Amino acid sequence: MKTNNRTSFTAAYFFLTPALLAILIFFFIPVLAALLMSFTDFNIYSLGNFKYVRFIGLKNYLDLFNDALFWQALKNTFYFVLAGGPLSIIASLGAAVLLSSKLIKFKSFFRVIFFMPVVTTLVAVAIVWRFIYHPKFGILNYLLDLIGISGVDWLGDPNWAMPAIILMAVWKNFGYNMVIFIAGLQNIPADLYEAAEMEGASGWQQFKNITMPMLAPTTLFISIITLIGYFQLFAEPYVMTQGGPLNKTLSIVLYMYQEGFRWWNMGYSAALAFILFFIILIFTLIQLKVQKESTV
Amino acid sequence: MNIKKLGLYFILIFASLLCLLPFVWMISASFMTNGEASIYPPKFFPTEITFNQYASLFSRLNVGRYLINSVLLSVSVTFISLFINSMAGFAFAKYRFAGKNKLFKLLLSFMIIPAQVTMLPLFLMLKNMGLINTYFAVIIPGMASIFGIFLIRQYLLSIPDSIIEAAKIDGASDFQIYFSLILPLAKPILITLAIFTFMGTWNDFLWPLIVMTDNSMYTLPVALANLMGEHTLDIELMMAGSVVTIIPILLVFMVLQKYYIRGIMLGGVKG
Numbered sequence: 001m002k003t004n005n006r007t008s009f010t011a012a013y014f015f016l017t018p019a020l021l022a023i024l025i026f027f028f029i030p031v032l033a034a035l036l037m038s039f040t041d042f043n044i045y046s047l048g049n050f051k052y053v054r055f056i057g058l059k060n061y062l063d064l065f066n067d068a069l070f071w072q073a074l075k076n077t078f079y080f081v082l083a084g085g086p087l088s089i090i091a092s093l094g095a096a097v098l099l100s101s102k103l104i105k106f107k108s109f110f111r112v113i114f115f116m117p118v119v120t121t122l123v124a125v126a127i128v129w130r131f132i133y134h135p136k137f138g139i140l141n142y143l144l145d146l147i148g149i150s151g152v153d154w155l156g157d158p159n160w161a162m163p164a165i166i167l168m169a170v171w172k173n174f175g176y177n178m179v180i181f182i183a184g185l186q187n188i189p190a191d192l193y194e195a196a197e198m199e200g201a202s203g204w205q206q207f208k209n210i211t212m213p214m215l216a217p218t219t220l221f222i223s224i225i226t227l228i229g230y231f232q233l234f235a236e237p238y239v240m241t242q243g244g245p246l247n248k249t250l251s252i253v254l255y256m257y258q259e260g261f262r263w264w265n266m267g268y269s270a271a272l273a274f275i276l277f278f279i280i281l282i283f284t285l286i287q288l289k290v291q292k293e294s295t296v
Numbered sequence: 001m002n003i004k005k006l007g008l009y010f011i012l013i014f015a016s017l018l019c020l021l022p023f024v025w026m027i028s029a030s031f032m033t034n035g036e037a038s039i040y041p042p043k044f045f046p047t048e049i050t051f052n053q054y055a056s057l058f059s060r061l062n063v064g065r066y067l068i069n070s071v072l073l074s075v076s077v078t079f080i081s082l083f084i085n086s087m088a089g090f091a092f093a094k095y096r097f098a099g100k101n102k103l104f105k106l107l108l109s110f111m112i113i114p115a116q117v118t119m120l121p122l123f124l125m126l127k128n129m130g131l132i133n134t135y136f137a138v139i140i141p142g143m144a145s146i147f148g149i150f151l152i153r154q155y156l157l158s159i160p161d162s163i164i165e166a167a168k169i170d171g172a173s174d175f176q177i178y179f180s181l182i183l184p185l186a187k188p189i190l191i192t193l194a195i196f197t198f199m200g201t202w203n204d205f206l207w208p209l210i211v212m213t214d215n216s217m218y219t220l221p222v223a224l225a226n227l228m229g230e231h232t233l234d235i236e237l238m239m240a241g242s243v244v245t246i247i248p249i250l251l252v253f254m255v256l257q258k259y260y261i262r263g264i265m266l267g268g269v270k271g
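For the protein sequence lines, the chains are A and B, in the order given. Mapping of the first sequence onto the working numbering: position 248 corresponds to residue 248, and the numbering continues sequentially without gaps. Mapping of the second sequence onto the working numbering: position 120 corresponds to residue 120, and the numbering continues sequentially without gaps.
Dumping the calculated EDC-like pairs for lysine to aspartate or glutamate here, alpha-carbon to alpha-carbon at most 16 Å: (1) Lys102/A <-> Glu197/A; (2) Lys127/B <-> Asp214/B; (3) Lys136/A <-> Glu36/B; (4) Lys136/A <-> Asp153/A; (5) Lys59/A <-> Asp41/A; (6) Lys136/A <-> Asp157/A; (7) Lys43/B <-> Asp145/A; (8) Lys136/A <-> Asp234/B.
Examples of chain A residues lying across from chain B (beta carbon under 10 Å, computed): (9) Asp145; (10) Met168; (11) Val253; (12) Ile280.
Derived by calculation from the structure, the hints in this document are not laboratory data. All values derive from a computational prediction rather than experimental measurement. Ideal Cβ placement from N, Cα and C applies to all residues, glycine included.
One chain only, chain A, in its complex shape:
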């Protein structure tokens, strides 16, 4: 098959064409179009007739720079990513280490349970949690009451709304990275631990000096996909808080959706989308660089 003749070239492109065309037309061209759009004043009037679209250069980006709501959304999104991301990863790692212990049986049983929140529909789960967080009838405040802690209005209090969303996100997502960590842990040679055991290293020392360094590539991979996913926060605030209270849970994507598809300020919204893309790009590059430097 690996011949370089004409027929195999034709066959290769026969198999590739549907996918490449679909990606080109419905992904790549829209990306370029969005970039162009972000330099225009595309709005509800242009929606009826493209004649009304004007190029306005960097005006959308400059306007965003002076838009308090944009800065608020940016701040909230970073809060979610920088607090929720590490918390999720720590929970995943903890669960993976527990489930990799030789002392434990019924591993696949626990794994399935920890994984259930991952596969379930985010919108449905967010609705369930909205009621769990209910200040009067919610079971969270009830359980807190039982152990003598007086609850708060989780989603109604500007200081607690984002932590509440983060808590739910950790619950929903930790099972996913747990599975990847378990795979990473299985790849660490057992004789490393045996040697450490013989030299009298404690469990914590083994974790710090063997597990953590050996897991570094896995952890990097997990941090990248977690950050990329978390920067796209949308359904949780859409369903649970609509961005409130006091815009404290308004995320970049939610703001983008509101500007683009509720008010049809599509040029402005496209600029928001590109800022999101650049943030994700920069964070990924930083992480890759940090990894490179630490392994040299």
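Knowing the structure of chain A, use the given hints to seat chain B on it.
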């Protein structure tokens, strides 16, 4: 040692309860009568099991239609994308052609672009084609996935070329080789990708929210978010809606979890 073991089990069981509690409460509240979940202290089980919430979902609130939309869309996206992605994955794994590696790397680098960037132009494109509020609006952007192509290519690399050579000598055409030889061999990875795609489409929210603006075209998540606006206080009803949305996907996962979890370990990337 026994104390340590006991401690580990205690933590695991406690964590399991935390994972399950929201689901248990959701199912339980969905069988309560109106207002039964709005009392203090909260009840964990209904006094009397009632199917009223489910009855009004399906009779009054059109949930049957949303269920059909979700099933049809998830099934068609899964089949179409499986076909298209497996062909491309096959070409990348088993053919040699100019620029192959560059093309593949270019595609992989696209994966960092968040889908939200494409949404505004894609919406306008579909609107001009008259496809907003049709199934095509969801199916078309889901036809090909770079992640899917990647997953299948990786798997097919491990299949020896000699099998294909042998089929070629026997006079099989390229398409016959793909269809009757490669696809059966790739069955495990195809199942994995099928679950990923099915779940991704079933659970997707932002895109169907944008392109399905007509009530009759809603998928379950969109319908649920919309119901939430009108029935903010009907906890029991909303829980029944959540059950209807979650149970099908949970069943798919339970039956095929082996393939799903292996897929994460293989590709490790969110689809």
